[in-house]
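Asker: These are the residues of each chain, in order.
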Amino acid sequence: MIRFILKRLGSGLVVLFAVSALTFFLLYISSGSIARNILGDQATPEQLALKEAELGLDQPILARYFRWLVNAFGGDLGASWFTSEPVTSSLATRIPVTMTMVFTAMILIAIIATLIGVAAAVKRGWVDRVVQIGAIIGDSVPGFVIGVLLVTILAIQLGLFPATSTISPGSPPDAWVLSMTLPVIALLINGVTGGAQQIRSAVIKQLERDYVRTLRSRGIGEREILFKHVLRSAAPAGLTVLSLQLIGMLGGVVILEQIFALPGMGPLAVTATSQSDLPVVMGVVMYTVAVVIVVNLLVDLANGWLNPKVRTS
Amino acid sequence: MKLGPKAAITAITVSAALALTACGGGTAKPGSGVPAATALTIGALADVRSWDPAQAHVGHTLQPYQAAYDSLILREPDGKLSPMLATAWKYNAANTVLTVDLRTDVTFSDGAKFDAEAAKSNLDHFKKANGPQMAQLTSVADVKVVDADTIDLNLTTPDPSLEYYLSQAAGLMGSPKALGTEAIKTEPVGSGPYVMEKASSVKDSQSVFNARKDYWNKDLQKYQKLTFKILADITARTNALVSGQVDAALLDPKTGKQAEGAKMILAKNEVDWQGLLLMDRDGTKNPALKDVRVRQAINYAFDRKTILDQVMLGQGTPTSQPFGKESGAWDEKLENKYPYDPAKAKALLKEAGYASGLTIEVPAIPNFETQISVVKQQLADIGITMNIGAALTNTFTSDVAAQKFNTMYFSLFQGEPWVAINQMISTKALYNPFKNTTPELQAKIDAVQNGGTDANKLAQEVNKYVVEQAWFAPLFRVNQMYYHNSKVDVKPQIQMAVPSIYNYSPAK
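Chains Y and D supply the protein sequences, listed in that same order.
For any residue, its number in our numbering is found by taking its place in the first sequence, counting from 1, and adding 49.
For any residue, its number in our numbering is found by taking its place in the second sequence, counting from 1, and adding 1259.
If we strip away everything but chain Y, and leave its shape as in the complex, we get (with noise of 0.2 Å):
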């Protein structure tokens, strides 16, 4: 087990190193003239000149790339071209904002999913209807539509929830709770209804197969075969589909951010992304990678601890 750890998290190294290779060098290409984006339009070729000097713009791109990529070992991802903040200390104040929302999110998804998709399999008839029409109308509104929805009707119209996030330091859990609510909701609708369809059709492909008939034929209830023997068989198609939409997550939180003005990785992405920040850029790729990284190898884990033959492989 040690040694799949150990062989995961190297192979996620190596992952973190090609992609900040290649983020450094396509961020290069599409960056343009960084100090004329810093100084605006009225900057002299003086000023640029000094501007360039001033962020090491003036070395080789090589060594510009090694110099990012030792510093980074040694925990320095560099400071913000525009803002002179140091990355990992707007990643700090950013991060528990956006996991805050996406593990609620997850849990939550986990749970109710599970419900519904069980429900689904084992009653069929009208329930499994009622769920599959409502994971069709649940996946085709998008995030964001379901977020300006829940702020119209329940922030600006009811008054329930603050429209926009009140979260600051030292803000007492309640503003967190309430400040999360709605965007944790929008995320949630979307998550719901695909993972339900996903554990719904696990279960009911595990109710039919031959072990199932073999435990009901020796007199075991059908609560025990459940939730004993075919949840853990499905549990892995439904660890998948959380895992992938854990990291899709990841993507549509940055509108939600937006749109709840939520201090977390989002409104960091964009702005860095537009104004081509590429110390901040860089910061917010290394943080995605290594959360797909660490997810995958989780959900393996919990796999291999739910189901002993996958161990082995």
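The reader is advised that the hints may include incorrect statements.
Partner residues aside, some chain Y positions facing chain D, computed with beta carbon under 8 Å [as the list claims (entries may be wrong)]:
hint, residue
1, Leu88
2, Leu99
3, Ala128
4, Thr132
5, Pro135
6, Ser139
7, Val197
8, Ala204
9, Gln307
10, Ala310
11, Pro316
A few chain Y positions that, by computed beta-carbon distances, are all more than 10 Å from chain D [what the hints assert, rightly or not]:
hint, residue
12, Ser60
13, Leu62
14, Val68
15, Trp117
16, Thr137
17, Arg173
18, Arg178
19, Thr201
20, Ile205
21, Leu256
22, Asp259
23, Leu293
24, Gly297
25, Lys358
Simulated from the structure, these hints should not be mistaken for laboratory data.
Ideal placement from N, C-alpha and C gives every residue a C-beta, glycine not left out.
Add chain D to chain Y, keeping to what the hints say.
Answerer: Same frame as chain Y, now just chain D:
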């Protein structure tokens, strides 16, 4: 059935989730609450990049600095320049030395005293800090301390906009002890009406300020607490305004409708103009544009009023001149110089030898897709084909400077005449990349530069010249839609989309 570890984990997560949703549904109450009468919350478009006063910018990016920093000169809402940290200022006869008298009773929030040395340190710092507005002090060769409360600004060349600049980024005064330190980048140290509350301020989320005790000018300090809530997204700004989380915010014609439905009050103000920049007037890349008749024909092609009504919901004023109404260079007679007249446009094209048509190219511009397609249509009606190229990217200023575009549709800020001339007309201007000029025009520009107090009036001649020569094809001046609730009075500030911080006061 025995409860294994898996079941226990499930039980915990279920109850945690239920607890979360329960809090969400039960204790619901708007988080921000209603600000007290002496608190003001402004919905801002972006956070400042650095609180170093030398990094201050123009327009809406100047406003937050005004909370923490006083400027040498105060610019009134109508553009009049009044004393602030400077009590008086005067040019010598040649307009090359500006002598500035300073207040003696002002201290910075760290206790340092404001005096001539402090003013000199700030101006020197601004000149070398490489901020986005560094060009504001380009004409200043050096600053001399005359006595404890007087400085001389020695100029290399007369600069009619220098006094205006001293009311803007270049005039902001920070504590000489803090200038150049790392700390001032994240926490301002000025002599202004408010002091930042660092503990409650989060980068890109909100900046919180408290009224400074013993501030020297109580007339400019109208609130106990001032918060800039950063709302980059226009939907977020609209929602925050109509739900009462912020007291004022900049919207646009479309979201403005929603704000008006919620009884928000509009303080509108024309700040920019939109239209075509016909930049290749010497015909370097597109020979057709060398002929003034072609450029005039383009001007006659547009039904400005209809475009404004359809595209901008009528929020603006049709115009044929690029200078702003309050600038002093504006001329009533030029306002409708080129009425909608396709027949005349075609006749002019025929006269110029382009009866069979011609082609111009513009880059695509994000957010201006509708305007550009309407312009394309109206030009097609007079026989001009407009090809729309690749979209502008963040390298566009370099692309403009490199003469990549011979024509472009754009929105430009309408500043003071000398600022506007150096933005789009002089040979140094970024938006005159082909460096077009004539001896006649240069003489008019020189007259403005040396015109002293008559400079703005003299700029009318420059305006008249570029309108008659059809350097541009302006369509309209655009309204900035600044909305606020009934708890606050807001006076618009000329040439600024977002008012100066002094223009807000509790509603009576």
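Asker: Hint by hint, note whether the structure agrees.
Answerer: Outcome of the hint check:
1. Nearest Cβ of chain D to the Cβ of Leu88/Y: about 5 Å, under the 8 Å cut. The hint holds.
2. Hint status for Leu99/Y: holds, given a least beta-carbon distance of 6 Å to chain D, under 8 Å.
3. Violation of the interface hint for Ala128/Y is found here, the shortest Cβ-Cβ separation to chain D being roughly 10 Å, above the 8 Å cut-off.
4. Taken as an interface hint, Thr132/Y checks out: its beta carbon lies about 5 Å from the nearest beta carbon of chain D, inside 8 Å.
5. The restraint placing Pro135/Y at the interface with chain D is violated, with a minimum CB-CB distance near 11 Å, outside the 8 Å limit.
6. Using the Cβ-Cβ criterion of 8 Å, the hint placing Ser139/Y at the interface with chain D is satisfied: the shortest such distance is roughly 7 Å.
7. Taking 8 Å as the C-beta cut-off, the interface hint given for Val197/Y holds, the closest approach to chain D being about 7 Å.
8. For Ala204/Y, the interface hint holds, the least distance from its beta-carbon to any beta-carbon of chain D being 6 Å, beneath 8 Å.
9. For Gln307/Y, the shortest C-beta to C-beta distance to chain D is roughly 4 Å, which falls under 8 Å, so the interface hint holds.
10. The criterion of a C-beta within 8 Å of any C-beta in chain D is met by Ala310/Y, whose closest approach is roughly 4 Å, and the hint holds.
11. Taking 8 Å as the C-beta cut-off, the interface hint given for Pro316/Y holds, the closest approach to chain D being about 6 Å.
12. No beta-carbon of chain D is positioned within 10 Å of the beta-carbon of Ser60/Y; the least distance is around 28 Å.
13. Look at Leu62/Y: its CB is around 30 Å from the nearest CB on chain D, clear of 10 Å, so calling it non-interface holds up.
14. Once the 10 Å rule is applied to beta carbons, Val68/Y is consistent with being away from chain D; the minimum gap is 22 Å.
15. Distance check for Trp117/Y against chain D: the nearest CB is about 21 Å away, which clears 10 Å, and the non-interface claim stands.
16. Annotated as non-interface, Thr137/Y keeps its C-beta farther than 10 Å from every C-beta of chain D; the closest such distance is 13 Å.
17. For Arg173/Y, the non-interface assignment is confirmed: its Cβ lies about 24 Å from the closest Cβ of chain D, beyond the 10 Å cut-off.
18. Every CB of chain D is more than 10 Å from the CB of Arg178/Y (nearest about 26 Å), matching its label as outside the interface.
19. For Thr201/Y, the requirement that its beta carbon stay farther than 10 Å from each beta carbon of chain D is not met, with the minimum near 8 Å.
20. Non-interface call for Ile205/Y relative to chain D: violated, since the shortest CB-CB distance, roughly 5 Å, does not exceed 10 Å.
21. A cut-off of 10 Å between C-beta atoms confirms that Leu256/Y is not in contact with chain D; the least separation is 19 Å.
22. Annotated as non-interface, Asp259/Y keeps its C-beta farther than 10 Å from every C-beta of chain D; the closest such distance is 23 Å.
23. Its beta-carbon lying about 20 Å from the closest one in chain D, Leu293/Y satisfies the requirement of being farther than 10 Å from that chain.
24. Consistency note on Gly297/Y: stated as away from chain D, and its beta-carbon is indeed over 10 Å from all of that chain's, at 21 Å minimum.
25. Distance to chain D confirms Lys358/Y as a non-interface residue, since its nearest Cβ pair spans about 17 Å, more than 10 Å.
Comparing the model with each earlier hint shows violations of hints 3, 5, 19 and 20; every other hint is respected.
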